[in-house]
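Student: For the sequence shown, position 61 matches number 61 in my numbering, and the numbering has no gaps at all.
Treat the hints as calculated values from the structure; they're not laboratory data.
In silico lysine-lysine, DSS-like type, Cα no more than 30 angstroms apart, as pairs:
(1) Lys60 <-> Lys73
(2) Lys60 <-> Lys8
(3) Lys8 <-> Lys64
(4) Lys8 <-> Lys73
What follows is a set of in silico ranges between Cβ atoms, one per label pair, in the way DEER data are often shown:
(5) Ile4 <-> Ser67: 12 to 20 angstroms
(6) Gly45 <-> Arg19: 14 to 22 angstroms
(7) Glu43 <-> Asn3: 28 to 36 angstroms
(8) Val37 <-> Glu59: 12 to 20 angstroms
(9) Gly72 <-> Asn20: 13 to 21 angstroms
(10) Val70 <-> Val49: 14 to 22 angstroms
(11) Asn44 <-> Asn3: 25 to 33 angstroms
(12) Ser11 <-> Glu52: 17 to 25 angstroms
(13) Pro69 <-> Ala34: 24 to 32 angstroms
(14) Ser50 <-> Ser11: 13 to 21 angstroms
(15) Val70 <-> Val31: 12 to 20 angstroms
Ideal Cβ positions, reconstructed from N, Cα and C, are used throughout, including at glycine.
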Amino acid sequence: MRNIAENKLLSGFIYGDPRNREYLYLPGSEVDAAEPVLVYETENGREDVSMEEGLSLIEKRSLKPCSHPVFGKNTMH
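Turn these sequences into a full structure, and let the hints steer you where they fit.
Tutor: Quick look at the structure:
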């Protein structure tokens, strides 16, 4: 599961829970980074998280591929 989620994040998929207004994604500026930093977005703001932290959030918060209210379905436009 973790490898699939990691590959999807690196491909531009957005994970989240629209009902709770939380999203996790890889900004375009982090593509091809040696250690990519993800953005975890909630009602309280945004914070940078490592890939490992992001994968943990996906599991703990049951985040699924979704559409972001501003970016749509994919951050790699």
